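Asker: Single-letter residue listing:
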Amino acid sequence: MASPKVAVVGAGVIGLSTALCITETCPSCSVTVLSDQFSPNTTSDVAAGMLIPHTYPDTPIHRQKQWFKETFTYLFDISNSAEASEAGVHLVSGWQVFKSAPKEELPFWSDIVLGFRPMSEAELQKFPQHRFGQAFTTLKCDCPPYMLWLEKRLKATGTQMYTRKVADLWELHSEYDIVVNCTGMGAHQLVGDKQLFPVRGQVLKVHAPWVKQFIRDGDGLTYIYPGIHRVTLGGTREKGSWSLSPDAGTTRGIFERCCSLEPSLQGAQDIEVKVGLRPSRQCVRVQRDVLSRGGVKLPVVHNYGHGAGGFSVHRGTANEAANLVGECISALQGSSSRAKL
Amino acid sequence: MRVAVIGAGVIGLASALCIHEQFQGLLPSLELEVYADHFTPNTTSDGAAGLWQPYVSDRGHLQETLWNKETFDYLLQHLHSPAAREMGLFLISGYNLFTEPVPDPSWKNIVLGFRNLTPKELELFPGYSYGWFNTALMLEGRSYLPWLTNRLTQRGVKFFHKKVESFQELFAQGVDVVLNCSGMRSGALQPDPELQPGRGQIIKVLAPWLKHFIITHDLKSGLYNSPYIIPGSEFTVLGGIYQHGNWSEENSAKDHKSIWDSCCRLLPALQKAKIITEWSGLRPARPSVRLERESIRLGNLQGEVIHNYGHGGFGITIHWGCAMAAARLFGSVLQEKKQLATPPGPRL
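Chains as they are written, first to last, in the working numbering: chain L, 1 to 341; chain P, 342 to 689.
In isolation and in its complexed conformation, chain L is listed as follows:
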């Protein structure tokens, strides 16, 4: 197989980074990205893009840690390069505060982020309702810049990108040798994965350029993440809600909760409300699969179900998915050479 044709379905951060990894591990591949939405209209564009991992209950911790480490290292190098501002990748320091003692004193990622330490008494005084805290420096991928930068990198490799709604992965079997499924919440319909469920998140993106530090409540519901031009205020975690319409009461609630952590936000301007459905699953599905109809096989690699942790592990899972694509190619080449005998 001289030039395997790979279709990546989905153009969120997972689809784009997976496509990019495939071009890196398999330069002879011809990669095409197909998606009904591109930035700035993907779920990824709603997210703040903070590198603070979400813990998946059913994925082994060492695997999650590896994914996070690879992602952090990759972005760390970008943040340190001349491309940092174009890629939208920047360092941000801040605090995670807890009203009651956190389950784990040291999360699995504490030695990967920078300068992780407990907050001092003096720092905690800023948060009278919270009794414990962690201070650290991590990375943020601002969207759309990061997405646009990924698209630019892809175009430079000759990757084509098309707006197309794929109703059934099988419809690609005649045009492509391998299909990579990075459809996020779309996998619910597309592959009938009932273990995948939405966790609705509403956020506010505001103009508050004096906010330089992130603040996150350890309960994951209230957070303030300063981006390049806007600060993301969050949020909600509504399991099972499919609604993409902003809710005014929720907006007020988010604003109040964030102002209680950072009173200066009262002066924030230009409040923009966004909603995204976190494509949630007990474990991220990074897995090979085969679709088979009438003797014809279509190798599939799944890479979806990242829930609240998409940005935190995107590069790590993209690497893994690219390796699985490599395996699929070897398998195809093996079987095609067998067919010749």
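Wrong hints could be hidden among the right ones.
[As the list claims (entries may be wrong)] Straight-line C-alpha distance at most 25 Å; calculated PhoX-like pairs for lysine-lysine:
#1 P:Lys613 to L:Lys155
#2 L:Lys152 to P:Lys615
#3 L:Lys65 to P:Lys461
#4 P:Lys613 to L:Lys152
#5 P:Lys461 to L:Lys69
[What the hints assert, rightly or not] Stretch-level coverage of chain L by chain P, calculated; a stretch enters the list once three of its residues show a Cβ under 8 Å from a Cβ in chain P:
#6 112-120
#7 135-146
#8 205-214
#9 226-234
#10 260-270
If you are wondering where the hints come from, they were derived from the structure by calculation, not from laboratory data.
Keep in mind the model is a prediction, meaning the values are calculated, not measured.
Glycine included, every Cβ here is placed at the ideal spot set by N, Cα and C.
Using the hints provided, position chain P relative to the given structure of chain L.
Answerer: Chain P alone, transformed into the frame defined by chain L:
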């Protein structure tokens, strides 16, 4: 009781506010006036980035360390007040970088979360092998000075756009106490060979992805002669010039190149940053801050002067502690005046 403040930078305005807040109630006859030839946004304080950070070594002046602490604590208290935004006050974290280990600074316990940099963090800054991380405060002059001015105006303090040529000129008008907050130009009011300009130049750029201050130190080239990058609420300040004895307030192309090249080497992404403007200013440098009383007598004229100048590159950092000290000195002047019998004859 007429009090004249000379200078409308951060020192003059804060001293005026401190005195008015503390004594107006006790002394209804208090008339406070501010005289200056430059007002915001044209003062030295407006050009400063506004980062609270003292020098890395305290030059042995414990008193200055205490004034720095007083200022930090005062500002920290205001952080959650509704005024913070208007004051231009916000928290910011960042890095101090060195090429060799150095002792911890006098202010390590004043700022929040002071710690050494980890090896991973140092990877971000090739050429630097040691450093600190801490959370400090920004107090932007472009916001703070107007805020102080508003507070003073609300209190009935009068402002005069005038270049004062001598203390005597004010005493002749009936001023009882002068607060000399004239910064760099104090030498014109009273010769002070210890007061020298520490010329600085800065480039203001748009780099909104930067959320940390980065201050490098080169113990060989000296204070502020090593690149620094300080993100503000709107612009990022690039600097790294300190020229002792240079009175020029013109931007120098050579200094521009030095700042730009060294900052871009430190942060390659800055090459893409848009340059907005450039500015030069004179830090009113002195071996120590001059904060003391002086009785001036010339013929029939007499009056008290409270000097409060020579804050170098740490004016914003130390301003409130000094303003409070100046207010205490004013208090002692009042005490003495009450105890002294009114001298006979007219006061000229």
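Asker: Confirm or reject each hint.
Answerer: Hint check:
1. P:Lys613 to L:Lys155: holds, 22 Å
2. L:Lys152 to P:Lys615: Holds. Lys152 (chain L) to Lys615 (chain P) sits at ~22 Å (cutoff 25 Å).
3. L:Lys65 to P:Lys461: holds, 17 Å
4. P:Lys613 to L:Lys152: holds, 17 Å
5. P:Lys461 to L:Lys69: holds, 13 Å
6. 112-120: Three-residue rule met by the stretch 112-120 of chain L, so holds; n is 5.
7. 135-146: n = 3 at 8 Å, threshold three: holds.
8. 205-214: holds (count 5)
9. 226-234: holds (count 3)
10. 260-270: Three-residue rule met by the stretch 260-270 of chain L, so holds; n is 4.
Violated hints for the displayed structure: none, as all numbered hints are satisfied.
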